[in-house]
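Turn these sequences into a full structure, and let the hints guide you.
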Amino acid sequence: MAKFRKGGKKEVPQVSTSSLPDIVYMLIFFFMITTTMRDVELKVSTPLPAAKEIQKLEHKALVCSIYIGTPRDKSLGTESRIQLDDAFATPDDIANWIQKERDSRNPADIPLLTTALKVNKETRMGVVTDVKQELRKVGAFRINYTTLKETKK
Amino acid sequence: MARKVPEINSSSQADIAFLLLCFFLMTTSMDVDYGITRRLPPPVEENIEDVKVKERNVMNVMINKSNKLLVNGRPCEVDMLKDKAKEFMTPRPGDDSAPEVETKTFDLIGEVLMTKGVISLQNDRATSYEMYIKVQDRLASAFNEMKNELSLKKFGKKYIELNEEQTKAINEAVPVRVSEAEPVDYKK
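Sequences listed follow chains A and B, in order. One point on numbering: in the numbering used here, the residue at position 125 of the first sequence is 125, and numbering is uninterrupted. One point on numbering: in the numbering used here, the residue at position 1 of the second sequence is 1, and numbering is uninterrupted.
Just to be clear, a hint being listed does not mean it is correct.
[Stated by the list, open to error] Think about it this way: if two alpha-carbon atoms lie no more than 25 Å apart in a straight line, the pair counts; the simulated BS3-like pairs of lysine-lysine are:
no., chain 1, residue 1, chain 2, residue 2
1, B, 158, A, 149
2, B, 65, A, 56
3, B, 147, B, 158
4, A, 121, B, 82
5, B, 82, B, 158
6, B, 147, B, 82
7, B, 157, A, 121
8, A, 118, B, 154
9, B, 68, A, 52
10, B, 82, B, 4
11, A, 149, B, 4
12, A, 56, A, 149
13, A, 56, B, 158
[What the hints assert, rightly or not] Pair ranges (Cβ atoms, derived):
no., chain 1, residue 1, chain 2, residue 2, range
14, A, 30, B, 103, 50 to 58 Å
15, B, 181, A, 93, 22 to 30 Å
16, A, 133, B, 27, 33 to 41 Å
I should point out that these hints are in silico values taken from the structure, not numbers from a laboratory. For each residue, glycine too, the CB sits at the ideal point set by N, CA and C.
Dropping the structure here:
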């Protein structure tokens with residue numbers, strides 16, 4: 001019989017935890033990089049519609065969002081409102097807002113600027129059409145109807 | 001003689017790191033935005049003449065205020081729309097009721113029979129956004145299926161597996177021809 005075992009006592013050595021902080025730091029860096037802080041406070045509720053043929057919205061820095069939906073503050077009624085940045089707006093404000101968004105970006109990127117429409121699914125198309133007409137007037141042609149992924153089927 | 005500095009106990013480092021980790025875990029929102037990307041047409045100039053398009057080349061899709069569909073004057077279910085759009089956009093030479101066809105040559109693909117068909121989408125101001133997106137989605141899936149078929153035929157691969165040049169060629173051969181009519185207010 002070959003003797004491979006040495007010694008009688010078998011004690012499992014303590015697992016070294018000295019690399020634990022390193023692992024945790026790695027995770028932290030991952031989350032720090034992927035995180036995007038919510039930059040606007042939503043004043044309208046926008047449950048999005050769902051669709052199947054959807055594309056990922058690339059280059060988040062080149063996307064500006066228009067929110068349309070019913071106000072969260074119930075005292076403001078249930079009529080659909082447009083929210084630009086942090087305030088309610090009317091379709092007439094869109095031209096100025098687009099200009100402001102363009103000014104804050106690199107001139108070379110302006111044609112690539114996409115306007116994401118985040119619209120409550122209950123909204124009537126009238127408001128959306130008004131917004132689209134305004135966007136056409138100022139030449140912001142790239143739009144994206146933000147939707148959820150349709151899960152069933 | 002220099003005094004020996006006692007080593008700093010680093011056992012709490014992990015706790016601090018965990019604390020930070022928890023913070024970022026909570027604040028992070030990993031939602032990737034998805035959506036249907038479209039290009040708006042440039043604004044129409046006031047006194048420009050209407051471009052006359054032959055009636056057989058147009059498929060009229062109308063959505064009324066109670067979210068009902070009308071395709072070429074006939075009521076239609078949303079689930080049928082994809083097949084109808086696909087049928088309409090598939091070139092059928094020799095059929096007088098189908099849109100006109102033409103043969104075009106593209107790089108990489110060669111000659112392709114194309115229809116001159118256009119899908120015209122019109123909605124009421126009171127149409128719900130959900131319905132509108134549904135219709136856009138169904139039309140998009142009709143075009144995507146046609147792209148897929150052409151790419152299988154020409155390259156033997158699915159559309160999503162194509163490289164950049166091939167994708168471009170297919171996109172040119174199967175243009176997404178959905179035109180949105182100028183908004184009409186039926187109340188007026």
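* Hint consistency between residue 65 of chain B and residue 56 of chain A [alpha-carbon to alpha-carbon, up to 25 Å] -> Since the Cα atoms of residue 65 of chain B and residue 56 of chain A sit roughly 30 Å apart, the hinted pair is violated (cutoff 25 Å).
* Asked: Are residue 158 of chain B and residue 149 of chain A close enough, with their CA atoms no more than 25 Å apart?
  -> At roughly 21 Å apart (the allowed maximum being 25 Å), residue 149 of chain A and residue 158 of chain B satisfy the hint.
* To do: For the range 50 to 58 Å, tell me whether the beta carbons of residue 30 of chain A and residue 103 of chain B fit it or not.
  => holds (53 Å)
* For the range 22 to 30 Å, tell me whether the beta carbons of residue 181 of chain B and residue 93 of chain A fit it or not. => Check passed, 26 Å falls within 22 to 30 Å.
* Asked: Straight-line Cα separation of residue 68 of chain B and residue 52 of chain A no greater than 25 Å?
  -> With Cα atoms ~20 Å apart, residue 68 of chain B and residue 52 of chain A stay inside 25 Å; holds.
* Asked: residue 147 of chain B and residue 158 of chain B: Cα distance at most 25 Å?
  -> Distance ~9 Å between residue 147 of chain B and residue 158 of chain B Cα, so the pair holds.
* Satisfaction of hint between residue 154 of chain B and residue 118 of chain A, Cα-Cα up to 25 Å -> violated (38 Å)
* **Hint consistency between residue 56 of chain A and residue 149 of chain A [alpha-carbon to alpha-carbon, up to 25 Å]** => Answer holds: residue 56 of chain A to residue 149 of chain A is near 10 Å, not above 25 Å.
* Could you check the hint for me, namely that residue 133 of chain A and residue 27 of chain B are 33 to 41 Å apart, CB to CB? => holds (37 Å)
* Is the straight-line distance between the alpha-carbon of residue 82 of chain B and that of residue 4 of chain B 25 Å or less? -> Not OK: residue 82 of chain B and residue 4 of chain B at ~80 Å, beyond 25 Å, violated.
* To do: With a cut-off of 25 Å on the C-alpha distance, tell me whether residue 149 of chain A and residue 4 of chain B pass.
  => Not OK: residue 149 of chain A and residue 4 of chain B at ~63 Å, beyond 25 Å, violated.
* Asked: Does residue 56 of chain A pair with residue 158 of chain B here, judged by a C-alpha cut-off of 25 Å?
  -> holds (19 Å)
When the structure is compared with the earlier hints, violations turn up for hints 2, 7, 8, 10 and 11 and for no others.
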